[in-house]
Amino acid sequence: MKNYNFLQQKFVVNTYVNRGLTVVRGEGVYLYDEKGSKYLDLMSNYGVNILGHSPSLITKHLSDQLGKLTVLHGSFASDTRAEAAFQLIKKCGGQLSQVYFSNSGAEAVEAALKFAVLATGKKKFISASHGYHGKTLGALSATYGDKYKKMFSPLLWDFEFIEHGNTESLEKAIGPEVAAFIVEPIQGEGGIYTPPADYLQKVREMCDKHNILLILDEIQTGCGRTGTFLASQKSKIHYDIVCMGKGLAGGLPVGATLVSKEIAIKIPKQIHTSTFGGNPLACAGIVATLELLSEVMMVHVQEMG
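Residues in the sequence shown are numbered from 1123 upward in steps of one, following my numbering.
All clues stand as given, with none of them false.
Each pair of labels, with its calculated beta carbon distance range:
no.	residue 1	residue 2	range
1	S1251	L1188	39 to 49 angstroms
2	Y1161	K1383	43 to 53 angstroms
3	A1319	Y1126	40 to 50 angstroms
4	F1198	V1146	28 to 38 angstroms
Straight-line C-alpha distance at most 25 angstroms; calculated SDA-like pairs for lysine to any residue:
no.	residue 1	residue 2
5	K1157	R1147
6	K1236	I1387
7	K1236	P1298
8	K1383	S1197
9	K1358	E1327
10	K1244	F1283
11	K1324	K1356
12	K1246	I1387
13	K1245	G1297
14	K1294	S1251
15	K1356	M1419
16	K1388	R1326
These aren't lab readings, by the way, just hints derived from the structure by calculation. Bear in mind that the values here come from a model prediction, so they are computed numbers and not experimental data. Glycine included, each C-beta is placed from N, C-alpha and C at the ideal position.
Could you build the full structure based on these sequences and the hints that come with them?
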């Protein structure tokens, strides 16, 4: 038997700590190594496998799509892509009008930042202390602290960081040069920090008052993980831009940047594209995931906490 742990260490750029375990299969909440030993998966790949490993409905959707079409250029209409976008917009609501598909949460944030610049003509952003938005250059610029940033400074544009959950610090930071405030409804890497219940409502009012955009990073909190499809839906606010990823496609790489109609009409053709973004295979995963994330499941999440 090949030593796959050795081969990975030798031939893959290892940016994660090596756990010394070779996993070959997943089913439900369990992972299995090459010897057949079973492990309870308490990590779910940072929230990607929110529905477990290899759920039958998602496997069927992906298998069916695999035999039809896996990749299609964005200049052609795709039945699966169109259905995924329609269902996602319907699930999110809140004045969101269109969705840009990419391949990861970080890419979704990159698109959000660029769309905010296109919509406002401004290039300064406000972000929250201890916030995390990804490790690509734009997303990293919006991420708090030196842990991931120090080696790559200077980064992009102008980002000012304020205390998460504090609307007074937000108002002080807002100026005529600010395009948007980007924030997680509940901080993930920052410590699973939940702000006051009325925080997002106050943030929304403040953004409207000063005419800046609100970018909600729902990459960790979306897809029903907090009892509503989007964590921010509890606040009953309207949306400018929402970023999604992680578990949206049932385990396949995906990113989604949802925008209001007012922003969508300001995004020119060809200005920001993705070869694999919105591919039919990932979109089949989205359709299946949204089908599984019913109101009944949301009640189950609320009951389990």
